[in-house]
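Trainee: Single-letter residue listing:
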Amino acid sequence: MERIMGVINLGNEKDSLGDLTKHRCQASVPFGGRYRLVDFTLSNFVKSGVRNVGVFARNYYRSLLDHLGSGKEWDLDRQKDGLFIMPYYSNESYKGDIQHFYDNLPYFERSKEEYILVTQGSIVWNIDFRHVFEEHKKQGADITLIYKDYIQEEKAVYHTLDVDENERVQAVDLEKIVNQGDNVFLNTYLMKKSLFIDLMKETYEQGNYDFFTDAIRTNLESYHVQGFHFKGYMPFIHSVESFYNHSMNLLDENVLQQLFYNHGFIYTKVNHGPPAKYLQSSQVVNSLIANGCSIAGTVENSILFRGVKVHKGAIIRNSIIMQKGEIGEGALLENVILDKDVKVSKDRILKGDEIPTVFAKSSHL
Amino acid sequence: MVKKEMIAMLLAGGQGTRLKDLTTKLAKPAVPFGGKYRIIDFTLSNCSNSGIETVGVLTQYQPYILNSYIGIGSAWDLDRKHRGISVLPPYQGQKGGEWYKGTANAIYQNIYYIDQYDPEYVLVISGDHIYKMDYSKMFKYHKEKGADATIAVLEVPWDEASRFGLMNTNATNKIVDFEEKPKNPKSNLASMGIYIFTWKVLKQFLLEDEQNELSSNDFGKDIIPAMLNKEKKLYAYEFQGYWKDVGTIKSLWEANMDLLSDNPELDINDPTWKIYSVNPNQPPQYIAPEARVKRSLVNEGCLVYGNVENSVLFYGVYVGLGSTIKESIIMPDVKIGANVTIKKAIIASGTVIEDGSVIGDDSGEITLFVEDHRIAVDSTVISR
Chain A
25 MERIMGVINL
35 GNEKDSLGDL
45 TKHRCQASVP
55 FGGRYRLVDF
65 TLSNFVKSGV
75 RNVGVFARNY
85 YRSLLDHLGS
95 GKEWDLDRQK
105 DGLFIMPYYS
115 NESYKGDIQH
125 FYDNLPYFER
135 SKEEYILVTQ
145 GSIVWNIDFR
155 HVFEEHKKQG
165 ADITLIYKDY
175 IQEEKAVYHT
185 LDVDENERVQ
195 AVDLEKIVNQ
205 GDNVFLNTYL
215 MKKSLFIDLM
225 KETYEQGNYD
235 FFTDAIRTNL
245 ESYHVQGFHF
255 KGYMPFIHSV
265 ESFYNHSMNL
275 LDENVLQQLF
285 YNHGFIYTKV
295 NHGPPAKYLQ
305 SSQVVNSLIA
315 NGCSIAGTVE
325 NSILFRGVKV
335 HKGAIIRNSI
345 IMQKGEIGEG
355 ALLENVILDK
365 DVKVSKDRIL
375 KGDEIPTVFA
385 KSSHL
Chain B
1305 MVKKEMIAML
1315 LAGGQGTRLK
1325 DLTTKLAKPA
1335 VPFGGKYRII
1345 DFTLSNCSNS
1355 GIETVGVLTQ
1365 YQPYILNSYI
1375 GIGSAWDLDR
1385 KHRGISVLPP
1395 YQGQKGGEWY
1405 KGTANAIYQN
1415 IYYIDQYDPE
1425 YVLVISGDHI
1435 YKMDYSKMFK
1445 YHKEKGADAT
1455 IAVLEVPWDE
1465 ASRFGLMNTN
1475 ATNKIVDFEE
1485 KPKNPKSNLA
1495 SMGIYIFTWK
1505 VLKQFLLEDE
1515 QNELSSNDFG
1525 KDIIPAMLNK
1535 EKKLYAYEFQ
1545 GYWKDVGTIK
1555 SLWEANMDLL
1565 SDNPELDIND
1575 PTWKIYSVNP
1585 NQPPQYIAPE
1595 ARVKRSLVNE
1605 GCLVYGNVEN
1615 SVLFYGVYVG
1625 LGSTIKESII
1635 MPDVKIGANV
1645 TIKKAIIASG
1655 TVIEDGSVIG
1665 DDSGEITLFV
1675 EDHRIAVDST
1685 VISR
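Note that the protein sequences, when read in sequence, are chains A and B.
Here the numbering used here is used: the first residue of the first sequence is 25, the next is one more, and so on.
Here the numbering used here is used: the first residue of the second sequence is 1305, the next is one more, and so on.
Excised from the complex, chain A in its bound form (with noise of 0.2 Å):
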């Protein structure tokens, strides 16, 4: 996989978290206790073999940066290739990622892979990047599309992919209502460096910005367009509620096996907290903790980010608590989402619906 670079483009990802993604991108939002959104495609280039790594960052990067430091935890600190981030900074206003890459066109000459595999920065997946290059060589394709079916019940809109009995994109919808069965473009393709440079170029001297609608979907005729079909487990995340539902599907075991163990470990930044401590009084049940947490009251049903404190008779149950959190003695909590460093004083009740209630960043409540 030395043959290919990656690009995580973060600038046609839609940030749709409501409060947790006012100030900061959706691939830098808390996940799974301990990771970040990005954390997963970051990791599966890594264990792919992918040693040269681009993010195109374009709104609220600061925490993502900040994550990301010199890319160590992801042993992208190389003095060969490794982790290159190029935020957007052009005086003009963002017109399309095409646009972003014709801006940074020296990375991608200078870079000596033959491939190139550009994705998003915001899918839970565990994907194996080396099966779709060897998928793309076998079929003789230009150009391999990531889908994945839609499984879930809620309404969504996406790009989705029209394809033949041996995988090959015919047609393309864009902005679609999906229905259950949809192939979803994951907004993830791979092809040789020099066709991606080409058409980048091309399609900005015609005026037109991004590439999946106006590179690639205008010449499906032109070129061989593979699907590629991903079948491993991956939950479409677009709301408030899809983010908390997912969330909580990780405490069935299945899930975390899935995601978390049996491909191998995602990475993510180090924070150097102590085990979870679990005091006299504490009462967990059926939870996901991190290090640093201190719990000294009842946690049920819920995900407990690093360094989250539960005072003595605090009830926790279906919630999401992110980074240093503080719940006060006696308080209740049921169905909402702390974003980080969220303090909840003393016998104070949050209750949210079954769409959980969100409660920003560092707020005291």
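Calculated from the structure, these hints are not laboratory results.
Backbone N, C-alpha and C define an ideal beta-carbon position, used for all residues, glycine too.
Among these hints, one or two may not hold up.
Facing chain B, from chain A, some residues (calculated, C-beta under 7 Å) [claimed, not checked]:
(1) 129
(2) 284
(3) 289
(4) 303
(5) 310
(6) 311
(7) 352
Just a sample of chain B residues kept apart from chain A, beta carbon distances all over 10 Å, derived [to be verified]:
(8) 1422
(9) 1458
(10) 1504
(11) 1511
(12) 1566
(13) 1578
(14) 1595
Given the coordinates of chain A, assemble chain B onto it according to the supplied hints.
Mentor: Okay, now just chain B, sitting in the frame of chain A:
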């Protein structure tokens, strides 16, 4: 090389024979502790948190795991340019080579290493103890006293005093007498094995000590008494706080249990004094609907379906349905099947305990299990 005011020399070559089978494959400083650490993390974190940027780690006994754990010191922020961490094993020179004969000889053999930093002071510590200490305060004290050597001391209970090296001090804390493990102690101020020396004085004593064939080349037995004889200025620096030599199975077990009280004397969750360690980056722990966890420390990567009480679980431990673990230390990657009972035991890394086994008992003794054992279904084991 850039001049350093003080550098640290960390003695990490000990076998820790009283830790029995726990140290067959690794040196005592590398023994796992507290659910995620190795013993040496405490001294290395103390160095880092005290602003000491140059640390020589002297290794000898079973060094591989320790060396690879330390790496280039990045976990403790000791991967620095022109300073940072250096692992210093015994070596061969033109005139041959030899093992480190004693603690003082280990420093003697690395005079060259120390001299290249041209320090005015040298901090000598060991990687065998669990404690949090700001060495910069002791350093300030050493300079204020104009001392040749400062020894950190701790008041110990009188009935235990004869296990330690003891200081007798005058009203200004000047050490007037030093006794190594005396039968009838006159003092209960015990040496913690933490020394700050003015380097040019220590160097002189090390050179002289090396000429003395009768010397055991040890700080406590030889260097400190020799300095007192020559009327050098030695001061005691009194330390307040938690300090434990985890040199025996019992003290290792106790020190782990000490962390479990609601307000432990040693706070490992102090953001101003973090204890750093090499992190295996495992998923959050999963506590199943059937599980019960009380008064315990549990690390990442654990999957708990059974009952855990008064215990310490390192990373990657699996506790099966219906199993009960009490007063035990379960080291990394131990797999415990269903309906297993474990009481007051230390289970070393990688052990597999199959369904229905019973380990340990109510006798009050600690059962120790060494690495990579497999305990078959329905076994009963009480081994010491």
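Trainee: Output the numbers, in ascending order, of every earlier hint that fails for this structure.
Mentor: Structure breaks hints 1, 7, 12, 13 and 14.
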